[in-house]
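Mind docking chain B on chain A? Use the hints.
Listed here are the chains, written in short residue letters.
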Amino acid sequence: MNLRRVVPQWSIMFLAALLATQASAQVTSDRLVNAAKEPQNWMTYSGDYSGRRFSGLDQINTDNAHAMVPKWVYQVGATGKVETSPLEVDGVLYATGQDDRAFALDARTGRPLWMYQRQLPADIRPCCGRVNRGVAILGDKVFLGTLDAHLIALDAKTGAVRWDSTAADYRTGNSFTVAPLIVKNLVVLGVSGGEYGVRGFIDAYDADTGERKWRFYTIPGPGEPGHDTWEGDSWKVGGAPAWNTGTYDPATNQIFWPTGNPAPSNRGEGRAGDNLYSNCLLALDADTGRLKWYFQFTKHDEHDWDATQVPVMIDAVGRRLVAQADRNGFFYVIDRTNGKLISASPYGKQTWSDAKDSDGRPTANKNASPTLKGHTICPGALGTTNFMAPTYDPQTKMFYVTARDQCDIFSTAPQPYEPGHAFYGSAYFPSDEAEPYLGFLKAIDPASGEIKQKFQHTSPTWSGVLSTAGGLVFSGDAEGNFIAFDAASLKPLWHFQMGGAVYAPPVAFALDEKQYVVIAAGSALYAFGLP
Amino acid sequence: MFRPRGVVTIALVCLAIAAPATGQRNPFAGSVKEAKAGEYEFRINCALCHGLGAKGGGRGPDLTRAQKKHAHNDAEMFQIISTGIPGTAMPANGTNGQGVGMTDEEIWQIITYIHSQEASASSKPLGNAAQGKELFFGDANCSLCHMVNGKGGRLGPDLTGAGAGRTREALIDSVRNPSRRLAWGLNEATKEFPQEYESVTVVTADGKQIKGVTLNEDSFSVQIMDTSEQIHLLEKDKLRSFQKSRESAMPKYGPDLLSDKDLEDIVAFLASVGAK
Numbered sequence: 001m002n003l004r005r006v007v008p009q010w011s012i013m014f015l016a017a018l019l020a021t022q023a024s025a026q027v028t029s030d031r032l033v034n035a036a037k038e039p040q041n042w043m044t045y046s047g048d049y050s051g052r053r054f055s056g057l058d059q060i061n062t063d064n065a066h067a068m069v070p071k072w073v074y075q076v077g078a079t080g081k082v083e084t085s086p087l088e089v090d091g092v093l094y095a096t097g098q099d100d101r102a103f104a105l106d107a108r109t110g111r112p113l114w115m116y117q118r119q120l121p122a123d124i125r126p127c128c129g130r131v132n133r134g135v136a137i138l139g140d141k142v143f144l145g146t147l148d149a150h151l152i153a154l155d156a157k158t159g160a161v162r163w164d165s166t167a168a169d170y171r172t173g174n175s176f177t178v179a180p181l182i183v184k185n186l187v188v189l190g191v192s193g194g195e196y197g198v199r200g201f202i203d204a205y206d207a208d209t210g211e212r213k214w215r216f217y218t219i220p221g222p223g224e225p226g227h228d229t230w231e232g233d234s235w236k237v238g239g240a241p242a243w244n245t246g247t248y249d250p251a252t253n254q255i256f257w258p259t260g261n262p263a264p265s266n267r268g269e270g271r272a273g274d275n276l277y278s279n280c281l282l283a284l285d286a287d288t289g290r291l292k293w294y295f296q297f298t299k300h301d302e303h304d305w306d307a308t309q310v311p312v313m314i315d316a317v318g319r320r321l322v323a324q325a326d327r328n329g330f331f332y333v334i335d336r337t338n339g340k341l342i343s344a345s346p347y348g349k350q351t352w353s354d355a356k357d358s359d360g361r362p363t364a365n366k367n368a369s370p371t372l373k374g375h376t377i378c379p380g381a382l383g384t385t386n387f388m389a390p391t392y393d394p395q396t397k398m399f400y401v402t403a404r405d406q407c408d409i410f411s412t413a414p415q416p417y418e419p420g421h422a423f424y425g426s427a428y429f430p431s432d433e434a435e436p437y438l439g440f441l442k443a444i445d446p447a448s449g450e451i452k453q454k455f456q457h458t459s460p461t462w463s464g465v466l467s468t469a470g471g472l473v474f475s476g477d478a479e480g481n482f483i484a485f486d487a488a489s490l491k492p493l494w495h496f497q498m499g500g501a502v503y504a505p506p507v508a509f510a511l512d513e514k515q516y517v518v519i520a521a522g523s524a525l526y527a528f529g530l531p
Numbered sequence: 001m002f003r004p005r006g007v008v009t010i011a012l013v014c015l016a017i018a019a020p021a022t023g024q025r026n027p028f029a030g031s032v033k034e035a036k037a038g039e040y041e042f043r044i045n046c047a048l049c050h051g052l053g054a055k056g057g058g059r060g061p062d063l064t065r066a067q068k069k070h071a072h073n074d075a076e077m078f079q080i081i082s083t084g085i086p087g088t089a090m091p092a093n094g095t096n097g098q099g100v101g102m103t104d105e106e107i108w109q110i111i112t113y114i115h116s117q118e119a120s121a122s123s124k125p126l127g128n129a130a131q132g133k134e135l136f137f138g139d140a141n142c143s144l145c146h147m148v149n150g151k152g153g154r155l156g157p158d159l160t161g162a163g164a165g166r167t168r169e170a171l172i173d174s175v176r177n178p179s180r181r182l183a184w185g186l187n188e189a190t191k192e193f194p195q196e197y198e199s200v201t202v203v204t205a206d207g208k209q210i211k212g213v214t215l216n217e218d219s220f221s222v223q224i225m226d227t228s229e230q231i232h233l234l235e236k237d238k239l240r241s242f243q244k245s246r247e248s249a250m251p252k253y254g255p256d257l258l259s260d261k262d263l264e265d266i267v268a269f270l271a272s273v274g275a276k
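Each protein sequence line maps, in turn, to chains A and B. Under our numbering, the first residue of the first sequence carries the number 1, and numbering increases by one thereafter. Under our numbering, the first residue of the second sequence carries the number 1, and numbering increases by one thereafter.
So that you can see chain A by itself, here it is in the shape it has in the complex (with noise of 0.2 angstroms):
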């Protein structure tokens, strides 16, 4: 849908403004499904629940994005990696920072309202880094997931915990890294911890009282349908964590939620079979958890190769579609009313897979599994993306995807499961013969599959990408920049250095008529505007 061809964005704006003010200043379930009209909040993690990470704001846009000034720094203070998409609602920012710090800024200048750090036990187990995505809000609580598997909210005024839910045992390496994503009056999560062997999760808990509604294993146990594409008891500890944010479409009341790799992540055997639900799109009833399809992206996973990308709705030629840039290498086009493959193109280099089954669906060729000795194979273990959220252009009717030619030499050995403990079976290197890592901003029509466009960085970025209607795309790279991208072209048309590599999406939202784009980067979070 293109908004500009509606009505004007200012108007909408404007309207929309007019109405949250009156109404008040509080988040609820039918603001969050109707988001995309009101452009000037960021009220969940992808924007709206299509997960297309496009803003309606044009303010800035291709004629002026050149004079693009910094407006504000936050120091997070704390070493790490920050991942968090921040939210802003009514003047108030929202974001996460390393260890569990979640606090609320003054979205005009950056200072803080409040600040909140969890105590964490000195035995968590993070997989890879004490990072965190994002909170979620709703009424006057904002909801975070901790790194010891809790789910707490917080006083969106005060920071004040109002309730913390305990998940699962942190102990046996079960954690939270993921933005919530709020449903109705439900708290959304799903589990990190594939590298572990936990059981994998996706939770609903009743934002009101913090009580559980519903869980949905991704790994089904005895009795249930796909328990048997598990070897033994290599269900117990099969992984298919759920570490990145879903999507929700209110028309089908579905959820949309992918899953992570089967664990051991680099050794098959001890769990022959297709090893479901790990890597798989879900799509799941948004009352009661129940499974309505899956799509498995990546069947019996020896490549660490997570399917947790942000699936994406598009609405195109008359259908209703959830588009996935998978970090196995492929772009995959599904039919969100019943999970049918419609196409899967790739996107980046790959070697694991040349045919397809009768779905359509890429296969792995013989050279796909690791060994003993370990041998090479494209993508590597990072991916050809990963959690680095996507954008979808409904102008340009582009899906612009952060990836990575990257190939690792990949081997594995037996290892035994213990609670708590790392469970790779084995790992990857770099290939000495292998080229240098290449990293781009790459737009793929989803009609097609087809790369159009593509900008190549210095190096691998980690950044997310945004889109707006000003025909912008947005996005980081490991060396600091911030980058503003004509959306058609992908030509640079603005930078600024940062000092500080990037691993978060960026998000748009305004106030007192002015467009603000912030970023987190090095361990601050920076807001962008017009001079």
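Honestly, the hints are just simulated from the structure, not real lab data. It should be emphasised that the depicted structure is a prediction, and the values quoted were computed from it without experimental measurement. All residues carry an ideal CB built from backbone N, CA and C; glycine is no exception. Hints are all accurate, no fakes.
Taking beta-carbon pairs under 8 angstroms as the criterion, some of the chain B residues facing chain A (in silico):
#, residue
1, 41
2, 94
3, 101
4, 103
5, 106
6, 191
7, 192
8, 193
9, 217
10, 218
11, 219
12, 220
Same frame as chain A, but now just chain B:
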């Protein structure tokens, strides 16, 4: 300098007694079973940089040498694995984004494993260090680009610690095939990998050609040290041409330029520097 083993042992005992921290003794010292467990942990957490078997990868030093540059006993190894080494690519436990955070027990297993690999390492230098020093600063021209203990050039990596961090085989390979694995240069704490010593040739807007190595680069700018050690800060969009190459700026020293014996002497010199 090579020290007799007994002296090292006494020194380690003294350090162990002197170490004030409690719980800093390796509970698994000498255990074959724990060393095996440590091998898995090593593969997961360390091998990406330090290579399979701890013999050194492209970016991490060889850990099979008994004398290490930064750690002189198990307590110091534990400390380094836990908190990293400031100013280097060695990250603190659980922060590198690649491996998983390790428990204390797992760190001790890794230390036990590293010690088990030391026993099997056999890369004692064969050459004459004094002779090698003469060559390094003289006829072999190494010091035109490389520094050792503050003396020498700046174009290539400082080799003061190279002897401690690399096997004899790796050093020989770096001289014979300098382009096979480019050395790592500038390290930025939050970046995934350090900058490599890539060669670069640019032509400026006024037609001037500059050849050198990249000190740092992003999508919009590049900092180059040219062959006479001048540093140039350049904006890419103002250049007439910009060409990077993965051919090392270091000439390939074949046996015609440097005999096997001379090379062994230089390696022995570097090893003697690193052993300090």
